[in-house]
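Go ahead and model the full structure; you've got the sequences and the hints to work with.
So the chains spell out like this:
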Amino acid sequence: MSSNRLGVASDDGRPKPPLLAQPSFSWIGVLPFLLFVFFFLILPSLTLFVGAFQDRDGNFTLENIRGLALPNILSAYWVTIRISVTTALMGGIFGFFLAYSLVTGNMPAWVRSSMATFCGVASNFAGVPLAQAFIFTLGRVGLVTVLLRDLFGIDLYDRGFNLYSFWGLSVTYLYFQLPLMVLVITPAIEGLQREWREAAENLGATPGQYWRYIGIPVLMPSLLGSMILLFGNSFGAYATALSLTGGLINLVTILIGSQIRGDVLHNPNLGYALAVGMVVVMSVMMVIYYALRRRSEYWLKR
Amino acid sequence: MSFLILENLSKVFHNVTAVEDFNLSVERGEFISFLGPSGCGKTTTLRMIAGFETPTAGRIILNDKDITHVPPNRRNVGMVFQSYALFPNMTVAQNIAFGLRIRKEPEDKIKGRVAEMLALVHLEDKGNNFPHQLSGGQQQRVALARALAIRPQVLLLDEPLSALDAKIRVALRAEIRSIQRELGITAIYVTHDQEEALSISDRIVVMLQGKIEQIGTPFEIYNFPATNFVASFVGTLNTAEAEVLDPEQGILLMDGVRFISADEDVRTKRRGDKVRMSIRPERLSFAAELHKDNVLDCVIENITFLGSVVRIQVRIGNTKFNMDTFNNPFLALPRIGERSKVTCSKEAVLVLKD
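So the protein lines, in turn, are chains E and B.
Quick note on the working numbering: the first sequence kicks off at 1 and runs consecutively.
Quick note on the working numbering: the second sequence kicks off at 1001 and runs consecutively.
Among the hints, erroneous ones may be present.
Among the chain E residues that face chain B by a calculated CB cut under 10 angstroms, a handful are [said to hold, decoys possible]: (1) Gln22; (2) Ile28; (3) Asp158; (4) Phe161; (5) Trp196; (6) Leu203; (7) Pro207; (8) Ile214; (9) Pro217; (10) Trp299.
Honestly, the hints are just simulated from the structure, not real lab data.
C-beta: ideal position from N, C-alpha, C; glycine also.
Right, dumping it as structure tokens:
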């Protein structure tokens, strides 16, 4: 029988577990992640939360929270939620159909890869460049606006369209919302087995019945997840809206900006409270999302 | 008139012919297997019967009706897929009931039929489970029950056992055959496993490169292969180049060793013609019966124990032949390198067709 400091061989020659446990350093691998979470999630959140309950001198106050009930602030939340829901739904629905046609349309490989690249770029194309691009194309003297007017006699603005309005901003947001939906929903659509559709048809189902009873229920968790991502993407957008409308549309992010930037409305603590309000709205959305997802995933929970 | 007729059926995909001039008549209640290597067109033919592929040419007639261009959801043909294709969001009972619900059958009838199907596949206690909670074998049974629940005119099975392990495969294929006999349903079974096809079918259609090589009972296919490919694809086969020595007497010469063949094809050859001779391993035996037509000197090259069968490789002349013999623990096996004699009847020596 042989022995050593860490382990002892048993009678059958196999080593026994070590007698002295060595310290484990495996946690070092996760340290960068923990530091990232602390500095970029926990610390800013704490600063916001604490700041929301402080006045300019650092004393405790509920004044900022009460300020959230002011009519213009409530209206900002309502407009922001409406625009986020609208663009999440429109981007979600059209993005789903686009992704579906890309996956099932028997298109050449280069078309699919080109579309994937375009969607990757377009989903990140936001802020001032996006706003300028839309102003140059669909603004009052934008290229498309002028071409439509001069060549076809269609004056978009006479017909009620206004780029600097709720719907104008929605169309602009859709430029990044729709490609984002294509990117996130494509893997889920690819996961739908061709045999499920064929089995359904074989059992007498029409394409519509296949989607109603199998396709949509199976995709529902992914659809909900994608929609909540689109909602959050729109809910937190700031630079695009500010550059496009210059504050004409009352969004929460623009209000926060004006409280913190230091113009006439300068009140950083109210800005913190507004941000906490956004966290609450997102939390409510997440709770709704999880509830819906649990219902739609009932078949995976068993 | 036959129950299912495939008439001059062809399918071309982008200038590639997957199925060419396929003709087959299937009687009601028959169990037919399409057997062949990957890419031979057997699944394409099955998918044309199901309606998932439209034939480039030809007709499909089922129960006196031309269904060539009838959409798949109106054919009343049941299909079992290799990947099971169970709907993951539905329980076993809901999967089985799906086709009946689509047909708007009354709820009490659906319940009764689902219970009947669950009993048929011995899964009475799994009705409320979801597919991911079942083993592969159980999932395939559910797929079978789901396909049968709608009382299809024909049951199509596309390599249904390929994803299962060997033991379950053997048990389930016997179960499929037993259910098919019990219900008297016409079935078309696609497989590349020759043992599966031989064990389960009334008739086998052997396919190669989109064409039918031979149609016959398992007995005919195994014992009287019509082509070189069928002979080599179905079962194990010893083959060797030989020269025709005496066409009238059926005498062939291989490496200086004389073989007598009863194959009629030898009679059609001329002296000196080269032929490819074949003998099944189980048709060779040790020289206990010296009265047989061929008694051949050999050297034992290798012995492989396969359980119930022992495969002995012998060298006759310069050519190696496999010989299968039943395992008998009370009989001593020869030793490697030992000289011996093997025999076979003249009926066992066949000449392959080109």
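Structure-based check of each hint:
For E/Gln22, the suggested interface contact is broken, since its CB lies about 40 angstroms from the closest CB of chain B, more than 10 angstroms. Because the beta carbon of E/Ile28 sits about 37 angstroms from the nearest beta carbon in chain B, more than 10 angstroms, this interface hint is broken. Given hint, E/Asp158 at the interface with chain B, is violated; its Cβ is 49 angstroms from that chain's nearest Cβ, farther than 10 angstroms. Because the beta carbon of E/Phe161 sits about 42 angstroms from the nearest beta carbon in chain B, more than 10 angstroms, this interface hint is broken.
A least Cβ separation of about 6 angstroms between E/Trp196 and chain B falls short of the 10 angstroms threshold, and the interface hint therefore holds. Of the supplied interface hints, the one on E/Leu203 holds, with its beta-carbon coming within about 3 angstroms of a beta-carbon of chain B, less than 10 angstroms. Nearest Cβ of chain B to the Cβ of E/Pro207: about 9 angstroms, under the 10 angstroms cut. The hint holds. Nearest Cβ of chain B to the Cβ of E/Ile214: about 5 angstroms, under the 10 angstroms cut. The hint holds.
For E/Pro217, the suggested interface contact is upheld, since its CB lies about 4 angstroms from the closest CB of chain B, less than 10 angstroms. For E/Trp299, the suggested interface contact is upheld, since its CB lies about 5 angstroms from the closest CB of chain B, less than 10 angstroms.
Going down the numbered hints, you'll see the structure goes against 1, 2, 3 and 4, while the others check out.
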